[in-house]
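Student: From first to last, the protein sequence lines are chains Y and R. Using our numbering, the first residue of the first sequence is number 5, and each one after it goes up by one. Using our numbering, the first residue of the second sequence is number 801, and each one after it goes up by one.
Simulated from the structure, these hints should not be mistaken for lab results. Here the structure is a predicted model, which is why all the values come from computation and not from measurement. Hints may be right or wrong, so weigh each one.
[What the hints assert, rightly or not] Here are the simulated DSSO-like cross-link-like pairs (lysine-lysine), alpha carbons at most 27 Å apart as the crow flies:
1) Y/K108 / R/K883
2) Y/K108 / R/K809
3) R/K809 / R/K883
4) Y/K55 / R/K895
5) R/K870 / R/K895
6) Y/K108 / R/K895
7) Y/K74 / R/K895
8) R/K895 / R/K809
9) Y/K108 / R/K857
10) R/K814 / R/K871
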Amino acid sequence: GQQLNQNPQSMFIQEGEDVSMNCTSSSIFNTWLWYKQDPGEGPVLLIALYKAGELTSNGRLTAQFGITRKDSFLNISASIPSDVGIYFCAPLEGGGADGLTFGKGTHLIIQP
Amino acid sequence: DGGITQSPKYLFRKEGQNVTLSCEQNLNHDAMYWYRQDPGQGLRLIYYSQIVNDFQKGDIAEGYSVSREKKESFPLTVTSAQKNPTAFYLCASSKPLGGNYGYTFGSGTRLTVV
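Based on the provided sequences and hints, a complete structural model is requested.
Tutor: Below, the structure written as structure tokens:
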């Protein structure tokens, strides 16, 4: 089966710092999704990437679909307290009708 | 506004009892999913349904059961056969065809066995 690795597992940063996280897989995908989960809530879709090499931004968030189609990266610039939460990657081969596989998450903690 | 609603938010169960978690969506989504979340484990798929009256086991279906009698509803029963049921349960829905691959999640139900 496919292996999906998300790194780092947790990050302790100062407010205002930039953040980088990534997901790598042993398999090739045609879509990469990035979700954020606030404490005690369900995940919310942040960015969807549909093409190898694609670079997409959503405010202070920027995500890239790796050229090999086996990895993806998420960057957050100038972090603020509301960025706290768990970030998940979820790659797709087809339409995802049979369930998304999520990375184990990157837990972002911001120290004021 | 359309959305997906899980209830209750918190649930306590005695060992040996079955309990049913509710999930309702008014997004007209075809597919619905149940995930379990444990600290450090990410989200693991329990069951999913692509159409009414049909559902499939996910990666960790043992000790759980579901039904899909209506498009809007996908309740999950945690049975006494589930050895470690304390977890955060998330329901999601999606309309997999048509280009929108995103899943919409509910706010979750935290189940604690006492």
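Student: Are the hints correct? Go through all of them and say.
Tutor: Against the structure, the hints come out as follows:
1. Y/K108 / R/K883: Between Y/K108 and R/K883 the Cα gap is close to 22 Å, so the pair holds against 27 Å.
2. Y/K108 / R/K809: holds (23 Å)
3. R/K809 / R/K883: Measuring from Cα to Cα gives roughly 21 Å; hence the hint holds.
4. Y/K55 / R/K895: Measuring from Cα to Cα gives roughly 20 Å; hence the hint holds.
5. R/K870 / R/K895: holds (15 Å)
6. Y/K108 / R/K895: holds (24 Å)
7. Y/K74 / R/K895: holds (25 Å)
8. R/K895 / R/K809: Distance ~25 Å between R/K895 and R/K809 Cα, so the pair holds.
9. Y/K108 / R/K857: Holds, because 21 Å separates the two Cα atoms, which is no more than 27 Å.
10. R/K814 / R/K871: Not OK: R/K814 and R/K871 at ~31 Å, beyond 27 Å, violated.
Going down the numbered hints, you'll see the structure goes against just number 10.
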